[in-house]
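Q: From just these sequences and the hints, can you work out the full model?
Every letter in the sequence shown is one number past the one before it in my numbering, and letter 73, counting from 1, is 93.
Calculated from the structure, these hints are not laboratory results.
Treat the hints with caution; some may be incorrect.
Stated by the list, open to error - Straight-line distance between alpha carbons at most 30 Å, and here's what the computed DSS-like set of lysine-lysine pairs gives:
(1) K58 with K125
(2) K154 with K55
(3) K58 with K124
(4) K125 with K63
(5) K63 with K124
(6) K124 with K55
(7) K125 with K55
(8) K22 with K124
Computed from a prediction, not measured in an experiment: that's the story for all the values here.
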Amino acid sequence: MKLFDPGPRDRSTSLGLLLLRLAAGGMMMSHGIPKLAKFSELKGSFPDPLGIGHLLSLVSAIGCEVGCGLLVVLGLGTRIATLPVVFTMGVAAFIVHGSDPWAKKELAVLYGLVFLAFFFTGAGRFSIDGKNAKSG
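A: The structure is reproduced here in structure tokens:
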């Protein structure tokens with residue numbers, strides 16, 4: 021597997037990947053944008069499950085959710101962009117919500133698995149990665 025290979029290039033699979041990228045990446049961004057809007061309010065109290073500090077935890081979550089979400093929507097560096105999301109969703113599901121019921125973990129697990137699938141499939145041909153692969 022090449023990290024910048026867009027993966028499947030057939031039309032129907034690429035269309036399915038495009039729809040899933042737009043939905044999953046857009047929804048991931050919708051979790052980070054409110055954090056960005058409330059940054060000054062959250063910076064001293066944001067959960068710090070890894071012991072790196074409230075501020076760095078918040079910046080990491082915003083960068084992951086907004087930055088990586090946008091990269092996945094665009095299909096730019098998709099495979100690499102999925103890794104921080106998979107890690108962050110694992111932390112959310114199994115550390116932050118570790119003792120919570122399944123219903124609290126479920127969304128983070130689902131996002132983590134969807135982004136992990138993008139790591140293996142790539143973005144498809146309807147992506148910047150796909151366009152770069154054609155011209156490269």
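Q: Indicate, hint by hint, whether the structure satisfies it.
A: Here's how the hints hold up against the structure:
With a C-alpha separation of about 23 Å, the suggested pairing of K58 with K125 holds against the 30 Å cut-off. At most 30 Å may separate the alpha-carbon atoms for a hinted pair to count; K154 and K55 exceed this at roughly 37 Å. For the given pair, K58 sits about 22 Å from K124 by alpha-carbon distance, which is consistent with the 30 Å threshold. Proposed proximity of K125 and K63 is supported: the alpha carbons are some 23 Å apart, at most 30 Å.
Proposed proximity of K63 and K124 is supported: the alpha carbons are some 23 Å apart, at most 30 Å. Between K124 and K55 the CA atoms are separated by roughly 19 Å; this keeps the pair inside 30 Å, and the hint holds. A hinted pair counts as satisfied when its Cα atoms are at most 30 Å apart, and K125 with K55 qualifies at roughly 19 Å. Between K22 and K124 the CA atoms are separated by roughly 35 Å; this puts the pair beyond 30 Å, and the hint is violated.
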